[in-house]
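Those protein sequences? They're chains R, W, G, L and A, same order as listed. Okay, so the first sequence: first residue is 791 according to my numbering, each after it adds one. Okay, so the second sequence: first residue is 791 according to my numbering, each after it adds one. Okay, so the third sequence: first residue is 6 according to my numbering, each after it adds one. Okay, so the fourth sequence: first residue is 3 according to my numbering, each after it adds one. Okay, so the fifth sequence: first residue is 3 according to my numbering, each after it adds one.
One or more of the hints may lead you astray.
Calculated Cβ distances over 12 Å to all of chain G for the following chain W residues [claimed, not checked]: (1) R793; (2) R804; (3) V821; (4) P828; (5) L829; (6) A890; (7) P899; (8) S977; (9) A978; (10) V994; (11) L998.
Simulated restraints on C-beta separations [to be verified]: (12) G882(R) <-> A1005(W): 41 to 47 Å; (13) R111(A) <-> E245(G): 46 to 52 Å; (14) A25(A) <-> R54(L): 42 to 48 Å; (15) V48(G) <-> D916(W): 25 to 31 Å; (16) R54(L) <-> R1008(W): 41 to 47 Å; (17) A65(L) <-> A1005(W): 40 to 46 Å; (18) R1008(W) <-> S23(A): 39 to 45 Å; (19) P176(G) <-> A10(L): 40 to 46 Å; (20) K810(R) <-> A10(L): 32 to 38 Å; (21) P914(R) <-> D916(W): 52 to 58 Å; (22) R244(G) <-> G29(L): 34 to 40 Å; (23) A25(L) <-> S986(R): 56 to 62 Å; (24) A107(A) <-> S977(W): 36 to 42 Å.
Just so you know, these hints were derived from the structure itself, not from any lab. We put the beta carbon where it would ideally sit given N, CA and C, even for glycine.
Spelled out from the first residue to the last, the chains are:
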Amino acid sequence: MLRGFTLTLARDMRLALRRKGDAANVLLFFVIVASLFPLGTGAEPGPLRAIGAGVVWVCALLASLLSLPRLFAADLADGTLEQMLVSAQPLGALVAGKIAAHWLTTGLPLALVAPLLGLQYGLPTDALAVLLASVLLGSPVLSLLGAAGAALTLGVRGAGVLAGILVLPLCVPALVFGAGAVAATLSALDPAPHLSLLGAFLAVSFVLGLWASCAALRVALD
Amino acid sequence: MLRGFTLTLARDMRLALRRKGDAANVLLFFVIVASLFPLGTGAEPGPLRAIGAGVVWVCALLASLLSLPRLFAADLADGTLEQMLVSAQPLGALVAGKIAAHWLTTGLPLALVAPLLGLQYGLPTDALAVLLASVLLGSPVLSLLGAAGAALTLGVRGAGVLAGILVLPLCVPALVFGAGAVAATLSALDPAPHLSLLGAFLAVSFVLGLWASCAALRVALD
Amino acid sequence: MASVLYTYASPQAFYPLAGRMIPWFAWAAAILALAGLYVGFFVAPTDATQGEAYRIIFLHVPAAWMSMFIYVVMAGWAGLGLVLNTRLSGMMASALAPTGAMFTFLALWSGALWGRPTWGTYWVWDARLTSELILLFLYLGFIALKEAIEDPRRADRASAVLALVGVVNIPIIYFSVQWWNTLHQGASVSFTAAPKMAATMLAGMLLMVFAAWMYSIAVSLARVRAIILERERDAAWVREAIA
Amino acid sequence: MLEAKALACERGGRRLFGGISIALEPGALVRVRGPNGSGKTSLLRILAGLTRPAEGEVRWRGAPIAELAEAYGAEMLFLGHAPGVKAELTAAENLAFALRLAGIAAGEREVREALARWGVGAQAGLPARVLSEGQRRRVALARLALASRVPLWLLDEPFAALDEDGVGLLRERLATHLAAGGMAVLTSHQEIALAARRVHTVALGA
Amino acid sequence: MLEAKALACERGGRRLFGGISIALEPGALVRVRGPNGSGKTSLLRILAGLTRPAEGEVRWRGAPIAELAEAYGAEMLFLGHAPGVKAELTAAENLAFALRLAGIAAGEREVREALARWGVGAQAGLPARVLSEGQRRRVALARLALASRVPLWLLDEPFAALDEDGVGLLRERLATHLAAGGMAVLTSHQEIALAARRVHTVALGA
Ligand code: HEM
Ligand SMILES: Nc1ncnc2c1ncn2[C@@H]1O[C@H](COP(=O)(O)OP(=O)(O)OP(=O)(O)O)[C@@H](O)[C@H]1O
Ligand SMILES: Nc1ncnc2c1ncn2[C@@H]1O[C@H](COP(=O)(O)OP(=O)(O)OP(=O)(O)O)[C@@H](O)[C@H]1O
Ligand SMILES: [Mg+2]
Ligand SMILES: [Mg+2]
């Protein structure tokens, strides 16, 4: 189990280091799109603060979606995926390793940058901390469900858009709870209920996302 | 010249329209993404109207970016790109055909749907017309500059960062002029200066994007 | 029972059976709908608080119930196909999806129309409404994924995975009014508690629900017949059936 | 050990083959032959458990392979047409990953030695992208050098892209594997003489 | 017609080959031989104008190919190891596109005929993804059926993945092309007898 997990985790991390561009692109996209709203809307501080957490969350969602098509497609093209399916390690562990690597290279950097963007929107310090916590908790959901979407659309033309269609609706609860936690803080309410709902949703999507990814990969290579 | 252009244009259009669902998928994607922002931001009419144009523009950028990686990568992987470089047609015409097909299948439908999205955000009629015009003018920029980025990311190691740094900031003027035109209308100002700046920017990026794409493709296959 | 099921699990055996069943369900749907509309518009009293606008309920509630019910049935067929690898299951799921999407759209549309006079707005982003919208996206995603994969067997299995993942949304829709503080009203029909609405209203609504049910079965059977013909077009029995 | 009974394969509504039975005992080799598109690759994928057969069943040590899952993966090595070599990773990294995926423990020195034995020792540190077609194939095949413990090898066109010297290396490796009680199923368009205790031939296509 | 003088190729600071000169006249065939990684593919890519040589120059009808650009492309047909077949397009669409890219006019009927001649007529309407390796290769090679007007063919391992029947087809096609005054450069690991007015051999590697 653990060996399979660390195996693909280490390999994908190494590949990501070789192709730093991919991860950097995602982060850049996140930062630029999120910084663009004040530019594009020319809004005053009041409304800006109100939409801040939501914009940051949606941008994080879109940014991590942007990196999805690559998750399995390259492995399919060069035959590595086939090798994973016939390997001596359980498929679930191998896929979990890949998803973990995806989160470490996109979700985690996104979460760490999120408070900086929140600062741009004039969020107060306590809201920034909640924003960080909510993106930290929520971004693994995006990686997990996103992996399922990527696996389902493997080898399909227009996979990027299609994966978005499949994944985005499923991610809505994460978005609602995540942005909701920040909004609660702004209204001087307790963000904890939102965050624990987010945590529960993470647990559900761990099981569902992993199962769906493995099942979809087997189907794609049948 | 023209034959090379229509050749790849027709082929890529056929690739894109092979399944009737593909065009619908792009539109569906926009509806979903557009529904995400109100969810995250708490959805009061005031702030919603302020971010409307920005949201549509983010969707445009996203659609281009999501569909871009495959623009040349698939052709490279299966050897078609090699065939294009040694073909009897000038490379510039072939690449222009590919970019035109990309715009027709992503930028154009997006521009046509943009006013509908704006309606959801409660934009007034005159702002909707300006939004349509700005996305019509701006989306080719995204296809052209995006193609250059896609070509640059081929083969050369670490080119991902380079492309990100090159393309995204280059697209920012388009987004600022585009959203700015709508914002001007909302403040009862004349959107024409913004739109003509956008037009000028389109002319520049036509030359720049096409040249950069061809040069980058030759480098990638050397 | 098991052997009967097994026999009709083959598309070839199911095709004529479906053909024989369609008229029955279609007529049942038509009669029930006529009766339901009559009761709904001429017998049921005007609502004390909402006036005549409440009559949208006869469209809205059946559509909303069917949208969720069809999804569960569709996911059930899809899951069955994934486990047992039977050809008919995937076809049934494909046949159900458009009807489910139609009812979801109808529920959203009628709900929005109803919301204007009662809530003063077409749309609010509350949990019930949002999760119903997500259901529409799930249906459309299911259809889009099926369309995108050429090999029908592969398409069946991939979309089955998606359908099963999406099932989580159903309890969220149903219980959203209890779990969250929503504008939308809670359940007024329940098997355990006494009904809270006028008997004629309830009768009209239930008639419409059964009509929607019969309609869904008839339409899905007709669609599955078309799918069987298309997928098995190279089989000898289809050539004979057409010729 | 490996038993396949009455296998059938359907693709796009067309039956590629049917009624194929295979029984493989230690030391035996199965050659799958047939023209292009006759279903050789499909048969190998069924034996590897990647594709479900339309009819029939594959058993390994008496148990259906679908139930064995990764336990079967640990005793079987599948080499498809795509060599599973990542362009960005070096030859050595590629081989090390492939070995661990197959459940074979190997240190850095053994990896280098295996590459050297397959004539790509000088390229060990190069990213696979710059390797020639044959060199990439050799990197993929190098895992065989350390796969003595894996009893069953399924090889799809292993001789493709190899030069004479490479063909010789692979023949030798196969011969030692079979002599030590291993088993192999392979497809090949080229006529290559192979030493084995028993050679079965499965002929597909018209 | 095709003249290459004192070509040298360097890769990663290492010289793969040097001082290779080739002169091809109508009806002549050049075979490039050499072990894996000796630079055969690299040489073909230089001749096609895809890679610039470290030293030397390639000329076509007396003019450097770098200057001719697409005018050279119209008279030359290059078939690399990757066959340039798009997985999403059908076999017929793939061939039609490849032909038009090479500047060869061909109607729908001719495309179907060419595919049928290469034994993939039944697969003309299938997306290339579901084709077998050899069938994909045949789709790529089918453009040769309509490329009689193109004088120069550069073929990298064209016999790979083909069954006996396919090898026979390609040999025949090459023979007619050369007999009609065409030229060809090809690499191949397999020993395949080819009929040509003149056969030159370029040997690379140790
Ligand atoms: C687009 C907006 C709407 C959507 C998506 C929606 C969705 C739903 C759904 C999914 C159900 C079935 C769930 C259940 O039975 O508990 C339902 C039932 C119902 N809806 Fe709506 N609805 C909308 C608007 C409205 C409005 C505006 C009203 C009236 C003020 C309304 C009144 C009802 C009633 C009375 C029921 C039946 C509840 C029961 O008896 O169990 N809905 N709606
Ligand atoms: N979806 C499909 N529809 C129709 N035919 C299909 C489909 N999928 C696969 N095929 C056919 O199945 C066969 C696949 O065969 P396979 O790849 O096993 O051949 P092979 O014997 O390995 O051939 P080669 O020698 O060329 O490698 C091909 O004839 C292909 O056309
Ligand atoms: N950047 C690089 N650094 C070091 N060596 C390189 C680099 N790029 C290419 N090479 C070497 O150049 C050679 C490429 O040769 P080429 O692909 O032309 O071989 P080939 O004769 O076609 O071989 P094969 O028979 O395997 O197809 C290989 O030996 C490869 O290792
Ligand atoms: Mg094969
Ligand atoms: Mg080569």
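Hint check results:
1. R793: Correct as stated: the minimum Cβ-Cβ distance to chain G is 31 Å, above 12 Å.
2. R804: holds (15 Å)
3. V821: It is violated; V821(W) is separated from chain G by about 8 Å at its closest Cβ, not greater than 12 Å.
4. P828: With a cut-off of 12 Å, P828(W) comes too close to chain G, as the shortest Cβ separation is near 5 Å.
5. L829: violated (6 Å)
6. A890: Answer for A890(W): holds, closest chain G Cβ roughly 24 Å.
7. P899: Given that every Cβ of chain G is farther than 12 Å from that of P899(W), nearest at about 15 Å, it holds.
8. S977: holds (26 Å)
9. A978: holds (27 Å)
10. V994: holds (37 Å)
11. L998: holds (34 Å)
12. G882(R) <-> A1005(W): 41 to 47 Å: For A1005(W) against G882(R), whose Cβ atoms are near 45 Å apart, the range 41 to 47 Å holds.
13. R111(A) <-> E245(G): 46 to 52 Å: Once the Cβ atoms are compared, 33 Å apart, the range 46 to 52 Å for E245(G) and R111(A) is violated.
14. A25(A) <-> R54(L): 42 to 48 Å: Because 57 Å falls outside the window, the suggested range is violated.
15. V48(G) <-> D916(W): 25 to 31 Å: Violated - the Cβ-Cβ distance for V48(G) and D916(W), about 50 Å, lies outside 25 to 31 Å.
16. R54(L) <-> R1008(W): 41 to 47 Å: holds (46 Å)
17. A65(L) <-> A1005(W): 40 to 46 Å: For A65(L) and A1005(W) the Cβ distance comes to about 58 Å; the hint is violated.
18. R1008(W) <-> S23(A): 39 to 45 Å: violated (26 Å)
19. P176(G) <-> A10(L): 40 to 46 Å: holds (42 Å)
20. K810(R) <-> A10(L): 32 to 38 Å: Because 49 Å falls outside the window, the suggested range is violated.
21. P914(R) <-> D916(W): 52 to 58 Å: 37 Å Cβ-Cβ, so the 52 to 58 Å window is violated.
22. R244(G) <-> G29(L): 34 to 40 Å: With a Cβ separation near 49 Å, R244(G) and G29(L) fall outside 34 to 40 Å, so the hint is violated.
23. A25(L) <-> S986(R): 56 to 62 Å: Since the Cβ atoms of A25(L) and S986(R) sit about 58 Å apart, the hinted range of 56 to 62 Å holds.
24. A107(A) <-> S977(W): 36 to 42 Å: violated (58 Å)
Hint check: violations occur at hints 3, 4, 5, 13, 14, 15, 17, 18, 20, 21, 22 and 24; the rest are consistent with the structure.
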